[in-house]
Every structure is written in C-alpha cells, then in structure tokens.
Amino acid sequence: MRIPDFTPPGSRPPADYNRVAEVPLTPEIPTEMHAAFSIALLLERAVKNLNRNHDNMLKCPAAITKGPEGGSAEFVEQIQAKRVRWEMWAQQLRQCGKVFTHCGETLPMEQRQQLYNEQVRIFDGLRRMPVPDEMTDEFGAGANSSSEFFDKLLELIDLIKNGYLAGYEHIISAYSDFFSDFNAEITAKLKDWIVGVDDGKKVEINLGALRAALDNLIAKYTHPNPESVLFPEPGKGGATREEAEKWREALGLPADCLKQNPDGTYCVVMDLAPLKTMRHSVATGTVTQWDTARFQAWQTGFNAQEERMKNTLQSFTQKYSNANSYHDNFNKTLSSHLNQFADMLKAMLNF
1 MRIPDFTPPG SRPPADYNRV AEVPLTPEIP TEMHAAFSIA LLLERAVKNL
51 NRNHDNMLKC PAAITKGPEG GSAEFVEQIQ AKRVRWEMWA QQLRQCGKVF
101 THCGETLPME QRQQLYNEQV RIFDGLRRMP VPDEMTDEFG AGANSSSEFF
151 DKLLELIDLI KNGYLAGYEH IISAYSDFFS DFNAEITAKL KDWIVGVDDG
201 KKVEINLGAL RAALDNLIAK YTHPNPESVL FPEPGKGGAT REEAEKWREA
251 LGLPADCLKQ NPDGTYCVVM DLAPLKTMRH SVATGTVTQW DTARFQAWQT
301 GFNAQEERMK NTLQSFTQKY SNANSYHDNF NKTLSSHLNQ FADMLKAMLN
351 F
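Going letter by letter, the sequence shown gives residues 1 to 351 in my numbering.
No farther apart than 27 Å at their CA atoms in a straight line, the calculated lysine-lysine pairs in the DSSO-like style are these:
#1 Lys202 x Lys189
#2 Lys246 x Lys310
#3 Lys189 x Lys220
No wet-lab data here; the hints were simulated from the structure.
Note that the structure is predicted; figures quoted are calculated from it, not measured.
Let's have the full structure, built from the sequences with the hints guiding it.
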C-alpha cells in the first residue's frame, strides 16, 4: 500500500507577515539575535514537552498488553488511562506543529524548501510501514487529504488510535463481558444443577435450569442487541458492508457474524455457535439422571464448547496486543522523525 506523496504548501509568506515581532529589547542585544534566541527557545521547549508526553503515553501497565486477564473492569480502566495520555500527546503535537510552522516562517525561502523536503522524507518513512488490513483504505484516504503537514499527521494518528486500536479495545472489552456472564450464569451454577446420586453411580442434572440459563444468555447476546456487537462500537455509527467484512475476516469469525442493522449499516457480532451447541445438548427434559458414562460424554462435549470460547478470547487478546504494538511503534517512528525535523530546524535557527 502506498501513501501518495506529500505536497508541501505554498512557501510565499502572507502580505501582512512580519519577520520579527516588535518587542522592546535592551539596547545591548541586537534585534535579530534576540528574536532568533527566543524562537529557538520556544522550539526547544515545545519539543521537550512533546517528547515528555510521548514517553508518558507509552508507559502503559501490563494489563494493557496482556488483555483482560486481571478482570474486565481493570482492563477498561487501564485503557481509559492510556487514552487520556494519548489525548495529551496529540494536543501537544498540535501545539508543537504550530511552533514548527512559526519557526519555519522566519527562515529564508531556500531553507524553507529544505524543511519541505524533510517533511516529504518523513512521509516516505511512514508509508514504508505496513498498514493493517482493517484500515488500509482509511489510512490511504488520510494520507491523501489536502491538509497541511501536521494536520495530516494528526489525522493519521487519530485514525490509528480511534479507528483501529479503539476498535480492538471495544472488541476485547465486549467479549470479556460476554465470557464473564457465561462464567457467572452458567459455570458457577453447574454445581447446583449437577449432583451425584445412587452412591456415585449416577448423576442427576437439572436440564431445565441449564437450558433456561443458556436461553437467557443467547438472547442477551443476539443481534440486534448492542451487547452482541463487536464492531463497530455501538453508539458510534454503523459501518459499510465492505468495512465490516474486513473486520470479520481479521477476527477470524464465520460469515454469519456479519449482520445488517435496521438502518442499513453493517456490524460484526459474536459467534454464539458454542452456546447454541451447549443448548442443543440439553434440548429436552427437566431433572433427569444419567449414568456416569453418558454424563462424562456430555461433559466432554460441553467443556469443548467452553474451550472454544476461551480460545476466541485469547485470539482477540493477541490481536489487541498486536494492534497496541502497531499503535506504539507508529508513534515511536513518528516521534523519531519529528525529533530529526526539530534538530534540522534548530540548526537553521542557530546558524
């Protein structure tokens, strides 16, 4: 995938542009020297703040990279904490972009051209990075926008954070809630529904209670209920069929997990096949007794479906971890490019 070349903005300053602001100076300091020193200091402070916010954003607890192993609530809390740090970094990048632009406007035209060439080099570096399938089209559109250099960068990091990583944040949070409900409503109650009788020769199982609990869980996580939706996050607009299909394939879900919403948009929902298989295994009967051989055969099949759901959660966790790594690596690469850009600009200001 190729990001179209970045086209630098027009280099002619506006008609009312003043190269040096009229600030009262002490007689012994030449105006040009004072202005250059002030601008260089402004640039240095902006870069330091940007780097500090970038480093803070990357300081995420283990719960972020490992997924919801410590509990869904803790995982969501850590996600929110990182989101706040990301917003602070994005805001600082926006401010830093204004400083970079202002500093560049104080330079002669031939030096400005060198800065524009450096901006093109930065985009060349970013375009060589692989782009996840889930956002290939959106990434290309963002890079092809008519925005200025720093606005383009902000569009791209916003896409990666809010269009890609946030997608997996919701997916893993939603499926964790589903699996927690399964554990609370099914697994934890099996001990009450299954008891040994006849000196351990038989097992009495309350098929009716188990069946009702499975029916309730299936109903809760069936489309169009919002709890069933993995992508896009409910309340944030629907997706096109093509976009939803890309995410379904990336998640490794069967074709019937692609659903159309009442408004004509599309979404990706949870695969309830394991629950439905469990439900089918207790389709009839109320309280009944099985011999141990029949019970063990049933239990083996039941546990196999639970294992399928565990594997799905682990798969989603790994995909989220990959998305988180891509997000961090992209921003590390961008930060490195911007520091090189700042060094070039500082050298020009101090010349």
